[in-house]
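All chains should be built: construct the whole structure from the sequences, respecting the hints.
Chains as they are written, first to last, in our numbering: chain B, 618 to 913; chain H, 1145 to 1459.
Heads up, some of the hints might be wrong.
[Said to hold, decoys possible] Subject to a maximum C-alpha distance of 25 Å in a straight line, what follows is the list of computed DSS-like cross-link-like pairs (lysine-lysine): (1) H:K1265 x B:K629; (2) B:K789 x B:K724; (3) B:K900 x H:K1265; (4) H:K1457 x B:K789; (5) B:K844 x B:K755; (6) H:K1457 x B:K904; (7) B:K808 x B:K789; (8) B:K721 x H:K1457; (9) H:K1457 x B:K724; (10) H:K1406 x H:K1219; (11) B:K724 x B:K808; (12) B:K789 x B:K730; (13) B:K904 x B:K789; (14) B:K730 x H:K1452; (15) B:K721 x B:K808; (16) B:K629 x H:K1263; (17) B:K789 x B:K721; (18) B:K730 x H:K1457; (19) H:K1263 x B:K624; (20) B:K624 x H:K1265; (21) H:K1263 x B:K900; (22) B:K904 x H:K1263; (23) H:K1265 x B:K904; (24) B:K844 x B:K683; (25) B:K904 x B:K721; (26) B:K904 x B:K808.
[Claimed, not checked] Here are some of the chain B residues that sit facing chain H, going by a computed Cβ distance under 8 Å: (27) C646; (28) H743; (29) K880.
For the record, the hints were derived by calculation from the structure and aren't laboratory data.
No residue lacks a Cβ here, since even glycine has one placed at the ideal position from N, Cα and C.
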Amino acid sequence: MNHHYQKSLSYKIFTIFNYTFLTVAALLCILPLIHILAVSFSGSAAATANLVGFWPVDFTLDAYEKTIGNENFLRSLWNSFLRVVLGTAISMAVMLCAAYPLSKSDKAFRGRKIYMWFFVFTMLFHGGLVPTYMVVTKLGLTDTIWALILPSAVSSFNLILLVNFFRTSVPKSLEEAALMDGANHFTIFWKIYLPISVPAIATISLFTMVFHWNSWFDGMIYMSDVKHYPLSTFLQTIIVQQDFTKMSVDAETLQNLSERTVKAAQIFIAALPMLIVYPFVQKFFVKGIVLGAEKE
Amino acid sequence: MQSAVNVKKQTATLEVQKTPKRRGTWQLHAMLLPALAIVFIFQYIPMFGLVMAFQDYEPWLGFLHSPWVGFEHFKTMFEYEDARQVIWNTLVISTLKIIFNLGVPLTFALLLNEVYMMKFKRTVQTIVYLPHFLSWVILGGILIDMLSPEGGIVNRFLSLFGVQPIFFLGDNDWFRTVVVVTDIWKECGFNTIVFLAALTSINPSLYEAAIVDGANRWQQTIYITLPSMLPIIIVVGTLSLGNILNAGFDQILNLYNPLVYKTGDIIDTYVYRVGLLNGDFSYATAVGLFKSIISFILVVIGYRLAYKYANYKIF
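Laid out in structure tokens, this is it:
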């Protein structure tokens, strides 16, 4: 710590600049959220007159009452919840099962390379929007939750991360001992691989959950009825597109929905799960990413 | 009874010894089956659907009976003024993003590395990673509100300095800047993670030697830190090459409007509008295929370069 350069004047000036810069950068990252939070707690008149900065003016919970009272909003919230739970469970089950054989050596599992390229190729080349859309609609998945879950169930990127975790964190001797004792692959997978890989599973699950919570575009193209919209899609139509045609609402609800404070409340509620989960898992994912990156 | 079990065990061991690696591979194939099926249906079948690009696809005729037109749609693409504009927009926006998303997080990581107050460092990190986890729908909603010319908080702030209200999201002179800046704002923190990890793995004895030689912190950065970081910089840089035709579909779709199609419309948003909204399946597929092929070539080149210069392997 007592390096002599740290005592030099120019380094001290740099340090002051550095701390100031980093503080400003951090503030820039949360001030927009604080502003939207302040708007959501403000009185409608004050918000429309642009009097709100980073502190609520005429504090009221009105916007939240209107949001919670909106049937469409609640239904889309439920759709999103269902999507996150089902989507993450299915995705993780399928990917973990696939990661196990792919983590074997080329000798132990011939064909591993071919399978691996089968997955990796989808990272390099894909059919694109229109053909994918046609496959999903032809399969009759439109207006069902499966259209939101199945097409993205296997992420080659996450699969590779899992394979790398399996390869580096499971002791080979443990596996060999189990094989000697006559355990089959399912047992080894279930009793050895899964318990050892809990941190990796938690990290990838988190990524998958965030993905499902935030996805909106598939909801927009595959759901023809607003009843099936997940929250992100619902918000996209209300706040970004300002398109109320699908909502089939009366004049009063329409006015409520387009109010600035209500929009702010909806944005904040949609961001809330991320804000709550995020601090707890931050350490996890940093480790996860670094472990994934160190395979170079 | 006892001996029977023993015999069974013995033969099992023998079997293992005879073909130790080949035991139960059918189980391994079986475990791959669900993932293979999903990827085949939702990734590979759409690739066959790309034949649409060479047809005048009509839904009621299907792939088998729709008339073939060869490269007609690709010709149209290069003749259309708006398609050329869209390709140009994509290149400009993504190139700017690639440059800044490499430079800014690297600088940010170097600056964070100079912070010795652990609590401060961790707080800053926690906050700057956050926007990465919020979707472009949420951020789009916030930005549309904040950047509004009618009393958005940014314009209110600027008016303190006598600046006239700017319609950031509706002005062709501003739109690309907003797109690039907000993208850096969202991803910069998250992108620093990999650089910070690389910084911690630099051998400390290098710095000690430099200090003995009288190098100041700036010289240490130039002669030790940056050269040590070169492999990871090359990896991130070359891999992002494959993204040169991905200018950020999610972001642009949530921020743009017809006023800024001229500077803001990119290949992906164009394909969506022409293909799914206007129902011109074949033409949109042709544009998409053009993009996929160029991207594929660039991704492969990127991986090659990363492997050659930084020994990076995908798996």
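Outcome of the hint check:
For the suggested pair K1265 of chain H and K629 of chain B, the alpha carbons sit about 17 Å apart, so the restraint of at most 25 Å is met. About 14 Å separates the Cα atoms of K789 of chain B and K724 of chain B, which keeps this hinted pair within 25 Å; it holds. Between the alpha carbons of K900 of chain B and K1265 of chain H the distance comes to roughly 14 Å, so the proposed pair stays at or under 25 Å and holds. Distance restraint check for K1457 of chain H and K789 of chain B: the Cα-Cα separation of roughly 22 Å lies within the 25 Å cut-off, and the hinted pair is therefore satisfied.
For the proposed pair K844 of chain B and K755 of chain B, the alpha carbon gap of about 21 Å is at most 25 Å, so the pair holds. Proposed proximity of K1457 of chain H and K904 of chain B is supported: the alpha carbons are some 20 Å apart, at most 25 Å. In summary, the hint linking K808 of chain B to K789 of chain B is supported, as the alpha carbons are separated by about 14 Å, within the 25 Å threshold. Pair hint K721 of chain B plus K1457 of chain H holds up; C-alpha atoms about 17 Å apart against a cutoff of 25 Å.
At roughly 20 Å between alpha-carbon atoms, K1457 of chain H and K724 of chain B fall within 25 Å of each other, so this suggested pair holds. In summary, the hint linking K1406 of chain H to K1219 of chain H is supported, as the alpha carbons are separated by about 21 Å, within the 25 Å threshold. Taken as a hint, the K724 of chain B and K808 of chain B pair is honoured in the structure, with Cα atoms around 23 Å apart against an allowance of 25 Å. Among the hinted pairs, K789 of chain B with K730 of chain B is consistent with the structure: their alpha-carbon atoms are about 20 Å apart, no more than 25 Å.
Taking the CA atoms of K904 of chain B and K789 of chain B, the gap is about 22 Å. The hint holds against a cut of 25 Å. Distance hint between K730 of chain B and K1452 of chain H is fulfilled; the C-alpha atoms sit about 21 Å from each other, no more than 25 Å. Our distance criterion of 25 Å between C-alpha atoms is met by K721 of chain B and K808 of chain B, whose separation comes to about 16 Å. Distance check on the hinted pair: K629 of chain B and K1263 of chain H sit about 19 Å apart at the alpha-carbon level, within 25 Å; holds.
For the proposed pair K789 of chain B and K721 of chain B, the alpha carbon gap of about 10 Å is at most 25 Å, so the pair holds. Restraint check for K730 of chain B and K1457 of chain H: the C-alpha separation of about 14 Å stays at or below 25 Å, so the hint holds. Between K1263 of chain H and K624 of chain B the alpha-carbon distance is near 22 Å, which keeps this suggested pair within the 25 Å criterion. For the given pair, K624 of chain B sits about 20 Å from K1265 of chain H by alpha-carbon distance, which is consistent with the 25 Å threshold.
The straight-line distance between the Cα atoms of K1263 of chain H and K900 of chain B is roughly 14 Å, inside the 25 Å bound, and the hint therefore holds. Only pairs whose Cα atoms come within 25 Å are accepted, and K904 of chain B paired with K1263 of chain H is accepted, the gap being roughly 18 Å. Between K1265 of chain H and K904 of chain B the CA atoms are separated by roughly 17 Å; this keeps the pair inside 25 Å, and the hint holds. For the suggested pair K844 of chain B and K683 of chain B, the alpha carbons sit about 19 Å apart, so the restraint of at most 25 Å is met.
The hinted pair formed by K904 of chain B and K721 of chain B meets the criterion: a straight-line CA distance of about 23 Å does not exceed 25 Å. Distance check on the hinted pair: K904 of chain B and K808 of chain B sit about 24 Å apart at the alpha-carbon level, within 25 Å; holds. At its closest, the beta carbon of C646 of chain B sits 5 Å from a beta carbon of chain H; the interface hint therefore holds under the 8 Å criterion. The beta carbon of H743 of chain B comes within 6 Å of a beta carbon in chain H, closer than 8 Å, and the hint placing it at the interface holds.
Given hint, K880 of chain B at the interface with chain H, holds; its Cβ is 7 Å from that chain's nearest Cβ, closer than 8 Å.
The structure shown violates none of the earlier numbered hints.
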